[in-house]
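Can you make the complete structure from the sequences, with help from the hints?
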Amino acid sequence: MTLIASSIGRKVAMALSGLFLIVFLTQHFTINLTSVFSKTVFNEISHFMGNNPLVQFVLQPILIFGVLFHFLMGFILEIQNSKSRTINYASYKGSANAPWTSRNMILSGIVILSFLGLHFYDFWFPEMNYKYVEVLPLNSERYFEEMIHKFQNPIRVGIYSLSFLFLALHLYHGFASSFQSVGVNNKYSKAFKPFAVAFSVIVPLGFVFIALFHYFIAF
Amino acid sequence: MNLILKVWRQPNSETKGKIETYPISNISPDMSFLEMMDVLNEQLMTQQIDPIAFDHDCREGICGMCSMFINGEAHGPDRLVTTCQLHMRKFKDGETIVIEPFRAKAFPVIKDLTVDRSAFDRVQHAGGFISVNTSGNTQDANSIPIDKHDADNAFDAATCIGCGACVATCKNASAMLFVSAKVSQYALLPQGKIEASDRVMNMVKQMDEEGFGNCTNTGACEVECPKGISLENIARMNREYLFSNLKG
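Residue numbers (our numbering), protein chains in the order written: chain Y, 1 to 219; chain P, 220 to 467.
Read the hints as simulated data drawn from the structure, not as lab findings. Mixed in with the good hints there might be a few duds.
[Stated by the list, open to error] Take a look, some chain P residues computed to stay more than 12 Å from chain Y by CB distance:
| hint | residue |
| --- | --- |
| 1 | Gln-262 |
| 2 | Ala-323 |
| 3 | Ser-337 |
| 4 | Asn-352 |
| 5 | Ser-362 |
| 6 | Gly-381 |
| 7 | Ile-413 |
[Claimed, not checked] Cβ-to-Cβ under 7 Å is the rule here; a few derived chain Y residues that face chain P:
| hint | residue |
| --- | --- |
| 8 | Leu-3 |
| 9 | Pro-61 |
| 10 | Ser-84 |
Every residue, glycine too, gets a C-beta built ideally from N, C-alpha and C.
Below, the structure is given as structure tokens:
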């Protein structure tokens, strides 16, 4: 209890939940990427993920908890931090000593959270409705077509792309920073930093590429 | 040099403050910032205006007393210097300079530009020491072999002068760089390892009680620190704190 109540404990909790979400993001990206190469493989993996009891009833609740925890803790920390300086500076040059990405994690986080709302509306709620409310028959061929259908709207593709740009900015600070938070700042973590930076650029832009690919292929 | 100074004036901790504007002329580029403030105060006194209260002591970058937030940066636009080491040649003729106190809930303003940084003292009292019998039988520290790398890192951490620039510049008013330097300067040495667990637990507890914000790894503290204290110290403190918690 002492650990999570302390400023360092909360910082570590943010870092670990962020790293967990990065693992999820990697597997989500890998699955989405298969849609570029093979409709069949994408459908097979999606069907497995959507119907495997372990994924549905163990991993999915853990993931939702991880997402909610990361966002709620982020908001709580932001509110606490805003109270630690009761009078703001008349002149404050934040850009002189810290990058934009590190100073605006709450902003990029809010954009990502808003996107998750859209993503749930587009995919998760219809999926829950299909399987557990209307209890429609299993159909392992439907996933690719459902995804393609969503990527026909240029406004949706635009919002999707913009959101992933903010995810890139969020990860650019958050990924490497999570190692510092858990106490790893040495020659090994410094060597890892270029990987974290590359990941924060390649994976979100990869998601954007997949969306644009399906939009233009269908177009 | 002729300058326009916009200075935070606040009679005491209970009264609301505001920015006052003072033009000043004939300032030498070779003056230190504090010498310029001395000239301003002379000018104010001749005009029957209360001189500006500001912290200063050694005026050679060692004591950590000077504490102004100048044009949006702790200790002004230069790097690895305190305000007393900042020279007027870093500013342009005719420039407007905004001078404010270090701002944090844990650093309440006493008057004008002076702030109460005793929160740092209380953090230090909570564990920033080693318990040694100093009755005369103390072992010579030089007889204890210490790895050169550890000795250098401990010395680097010990160069923290506790000025509070890290808190002032952090967007969250976090004191992690200061506390981590004080933890590290002992944690790396054999004399400090005995109480390492209690030290980090007590100092972090006190830091949180003082109302400092949470660290979000922006790195601004390291950039603005006049002594170049490294973020590696914060990682070390996080490690020490986690292991201490796990040990129970």
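Evaluation of the provided hints:
Non-interface call for Gln-262(P) relative to chain Y: holds, since the shortest CB-CB distance, roughly 22 Å, exceeds 12 Å. Taking the minimum C-beta to C-beta distance to chain Y, about 6 Å, the non-interface status of Ala-323(P) is violated against the 12 Å cut. Distance check for Ser-337(P) against chain Y: the nearest CB is about 17 Å away, which clears 12 Å, and the non-interface claim stands. Non-interface status of Asn-352(P) relative to chain Y is upheld: no Cβ of that chain comes within 12 Å, the nearest being about 31 Å off.
Under the 12 Å C-beta cut-off, the non-interface status given to Ser-362(P) relative to chain Y holds; the minimum distance is some 30 Å. No beta-carbon of chain Y comes within 12 Å of the beta-carbon of Gly-381(P); the shortest separation is about 18 Å. Once the 12 Å rule is applied to beta carbons, Ile-413(P) is consistent with being away from chain Y; the minimum gap is 21 Å. Checking Leu-3(Y) against chain P: minimum C-beta separation of about 5 Å stays under 7 Å; hint holds.
Contact between Pro-61(Y) and chain P, as hinted, is not supported at the beta carbon level, the nearest pair being about 27 Å apart and thus beyond 7 Å. At about 3 Å, the closest approach between the beta carbon of Ser-84(Y) and any beta carbon in chain P falls short of 7 Å, and the interface hint on this residue holds.
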